[in-house]
Amino acid sequence: MDKEKLADKFSKKIKEITPSREVRAIHICGTHEQAITQYGLRSLLPDNFDLTMGPGCPVCVTPAREVDEAIELAKQGVTIATFGDMLNVPGSEESLSDARSEGADVRVVYSINEALKIAKDVEELVFFGIGFETTAPTNAAILKSNPPENFYILSSHRLIPPAMELLVDMDVNFDGFIAPGHVSTIIGKEPYEVFANKYDVPTIITGFEPLDILFGVLKFFEQIDSGETKVENAYERAVRDKGNQKAQKMMTEVFEVFDAKWRGIGEIPNSGLKLSDEFREFDARENFEIELGESRDIHPGCKCHLILTARGTPEDCGLFGDECTPQDPHGPCMVSDEGECNIWFRYGRRPKMDI
Amino acid sequence: MCVGVPGKILEIEENEAIVDFEGTKQKVRVDLIDNVEEGDYILNHVGHAIEVLPEKEAKERLKLFREYLDSLEE
Ligand code: SF4
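If you're matching them up, the sequences are chains A and B in order. Mapping to the working numbering: the first sequence position 237 is 237, numbers consecutive. Mapping to the working numbering: the second sequence position 4 is 1004, numbers consecutive.
It is possible that part of the hints are untrue.
[Unchecked claim] No farther apart than 27 angstroms at their CA atoms in a straight line, the calculated lysine-lysine pairs in the DSS-like style are these: (1) A/261 <-> A/249; (2) A/242 <-> A/274; (3) A/12 <-> A/230; (4) A/75 <-> A/120; (5) A/144 <-> A/120; (6) B/1063 <-> A/242; (7) A/230 <-> B/1063; (8) B/1063 <-> A/189; (9) A/13 <-> A/3; (10) B/1027 <-> A/144; (11) A/246 <-> A/230; (12) A/120 <-> B/1025; (13) A/144 <-> A/274; (14) B/1063 <-> A/120; (15) B/1063 <-> A/5; (16) A/246 <-> B/1063; (17) A/249 <-> B/1008; (18) A/117 <-> B/1025; (19) A/12 <-> B/1063; (20) A/117 <-> A/144; (21) B/1063 <-> A/13; (22) A/249 <-> B/1027; (23) A/189 <-> A/117; (24) A/274 <-> A/230; (25) B/1063 <-> A/144; (26) B/1063 <-> A/3; (27) A/246 <-> B/1008; (28) A/117 <-> B/1008; (29) A/274 <-> A/249.
[As the list claims (entries may be wrong)] Which stretches of chain A does chain B cover? Using the computed rule of at least three CB atoms under 8 angstroms from a CB of chain B, they are: (30) 109–120; (31) 174–188; (32) 237–246.
Simulated from the structure, these hints should not be mistaken for laboratory data. Just so you know, even glycine gets a beta-carbon here, dropped at the ideal spot from N, CA and C.
Produce the entire structure from the sequences given, and follow the hints as far as they go.
Right, dumping it as structure tokens:
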């Protein structure tokens, strides 16, 4: 049986057990949105089922103020290295790419390892480290292996389960979570138990291939159908129940959890990572003077903050596709490959049935 | 940012491995996983292996899905 037939079979099974009421699940990962949209998976799912994206785009949720910090450092003459997506994200007034065109030294890297190499050739290097639990341990590993003295991190890591909890508290109406596979590779099942046990929200750890996603959605509907709520791992090949404990340990050794702000969303308790005192010699915020004015997360008309909390889609934004495009982005959701506006702009909502 | 790409380890030297991603070779750090060996399949995330994957994953996966769907028919 080939993949397409399997997909049809998943689709049939899901539809068989879908209740007649409206059902809604939230996923928390730009990579999920990318696969769902690119492969037109919504066309295989029931019409009364809404699978929508939550705060799963690390670039999008990084507050403008932290982008401003990186820009300010770059303007002071420090070399900044960061992931490509961060370059065009609007800060309060401008982006890192604007700073670069004005002469600042801003480098795009694929990994922190590359940033480490650049440090050899420059005076001071700051790696602007964003990302969720999948990315934070990679930075922890580098700090634990004696980086050079001129290497610093501007840490903007955020944690997924506290953001999921915010959605529950916000009373966004939904029936379950499709949990992000690779964040789960690191954290395992345990941090999600609260959703099943305390909030009665089915939570399915799901992989990223189209069939993985259909499998995760089927598992979700099985729980809706049976009325039994639990955390299920539908991505067993990459997620152990306890996660990657070595990576978790490194993360807790290097970082401390704090109440962090999310762009346009506000502060979420225990949702961010900052470098612990032991590693402050590598903390850009401890070692440079960064003075900033007022910051502005949401530019006029942008609905990113609603999209990131599953209270809207790009189609609810009047600027989508006309004034706001990947070439001229007005909000972070249009910049990042993992932003919903960017993904919908690139693929439309047309099904492309080549699974 | 949360994309993970599977690849096969060709060589390991200390905390760095040469990994084959369907023909493209790249260096990947292996600090975050224990007991990793040459020949293992790993999941790479921004230049770091974050988990060891079972071998022959693709075929196995389709077989598992098929079996699962069949089991629902019974
Ligand atoms: S289309 Fe642009 S302006 Fe509208 S929500 Fe998305 S990023 Fe913001």
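Hints versus structure:
With a C-alpha separation of about 24 angstroms, the suggested pair residue 261 of chain A and residue 249 of chain A falls inside the 27 angstroms cut-off, and the hint holds. A hinted pair counts as satisfied when its Cα atoms are at most 27 angstroms apart, and residue 242 of chain A with residue 274 of chain A qualifies at roughly 23 angstroms. Distance hint between residue 12 of chain A and residue 230 of chain A is fulfilled; the C-alpha atoms sit about 23 angstroms from each other, no more than 27 angstroms. Pair hint residue 75 of chain A plus residue 120 of chain A holds up; C-alpha atoms about 20 angstroms apart against a cutoff of 27 angstroms.
Taken as a hint, the residue 144 of chain A and residue 120 of chain A pair is honoured in the structure, with Cα atoms around 18 angstroms apart against an allowance of 27 angstroms. The hinted pair formed by residue 1063 of chain B and residue 242 of chain A meets the criterion: a straight-line CA distance of about 25 angstroms does not exceed 27 angstroms. In summary, the hint linking residue 230 of chain A to residue 1063 of chain B is supported, as the alpha carbons are separated by about 25 angstroms, within the 27 angstroms threshold. Of the pairs offered as hints, the one joining residue 1063 of chain B and residue 189 of chain A holds, with about 24 angstroms between alpha carbons and a cut-off of 27 angstroms not exceeded.
Of the supplied pair hints, the one linking residue 13 of chain A and residue 3 of chain A holds, its CA atoms being roughly 15 angstroms apart against a limit of 27 angstroms. Pair hint residue 1027 of chain B plus residue 144 of chain A holds up; C-alpha atoms about 19 angstroms apart against a cutoff of 27 angstroms. A hinted pair counts as satisfied when its Cα atoms are at most 27 angstroms apart, and residue 246 of chain A with residue 230 of chain A qualifies at roughly 26 angstroms. For the hint pairing residue 120 of chain A with residue 1025 of chain B, the CA-to-CA distance comes to about 24 angstroms; that is within 27 angstroms, so the pair holds.
For the hint linking residue 144 of chain A to residue 274 of chain A, the alpha-carbon distance of about 15 angstroms falls within 27 angstroms, and the restraint holds. For the proposed pair residue 1063 of chain B and residue 120 of chain A, the alpha carbon gap of about 49 angstroms is over 27 angstroms, so the pair is violated. With a C-alpha separation of about 13 angstroms, the suggested pairing of residue 1063 of chain B with residue 5 of chain A holds against the 27 angstroms cut-off. A distance of roughly 31 angstroms separates the Cα atoms of residue 246 of chain A and residue 1063 of chain B; the hinted pair therefore is violated under the 27 angstroms criterion.
Taking the CA atoms of residue 249 of chain A and residue 1008 of chain B, the gap is about 25 angstroms. The hint holds against a cut of 27 angstroms. Proximity of residue 117 of chain A to residue 1025 of chain B is assessed by CA-CA distance (about 19 angstroms); at most 27 angstroms being required, the pair is judged to hold. Only pairs whose Cα atoms come within 27 angstroms are accepted, and residue 12 of chain A paired with residue 1063 of chain B is accepted, the gap being roughly 18 angstroms. The hinted pair formed by residue 117 of chain A and residue 144 of chain A meets the criterion: a straight-line CA distance of about 16 angstroms does not exceed 27 angstroms.
The straight-line distance between the Cα atoms of residue 1063 of chain B and residue 13 of chain A is roughly 17 angstroms, inside the 27 angstroms bound, and the hint therefore holds. Restraint check for residue 249 of chain A and residue 1027 of chain B: the C-alpha separation of about 24 angstroms stays at or below 27 angstroms, so the hint holds. Only pairs whose Cα atoms come within 27 angstroms are accepted, and residue 189 of chain A paired with residue 117 of chain A is rejected, the gap being roughly 35 angstroms. Simply put, residue 274 of chain A and residue 230 of chain A have alpha-carbon atoms about 31 angstroms apart, too far for the 27 angstroms limit, and the pair is violated.
For the hint linking residue 1063 of chain B to residue 144 of chain A, the alpha-carbon distance of about 41 angstroms lies beyond 27 angstroms, and the restraint is violated. About 11 angstroms separates the Cα atoms of residue 1063 of chain B and residue 3 of chain A, which keeps this hinted pair within 27 angstroms; it holds. Taking the CA atoms of residue 246 of chain A and residue 1008 of chain B, the gap is near 21 angstroms; set against the 27 angstroms cutoff, the hint holds. A distance of roughly 24 angstroms separates the Cα atoms of residue 117 of chain A and residue 1008 of chain B; the hinted pair therefore holds under the 27 angstroms criterion.
Annotation: proposed proximity of residue 274 of chain A to residue 249 of chain A holds, straight-line Cα distance about 15 angstroms (limit 27 angstroms). Three residues within the 8 angstroms Cβ limit are the bar, and the segment 109–120 of chain A against chain B gives 5, so the coverage statement holds. Against chain B, the segment 174–188 of chain A contributes 6 residues with a C-beta closer than 8 angstroms to a partner C-beta. That satisfies the three-residue criterion, and the hint holds. Coverage of the segment 237–246 of chain A by chain B holds [criterion: at least 3 residues with CB-CB distance below 8 angstroms; count 6].
Hint compliance for this structure: hints 14, 16, 23, 24 and 25 are broken, all remaining hints hold.
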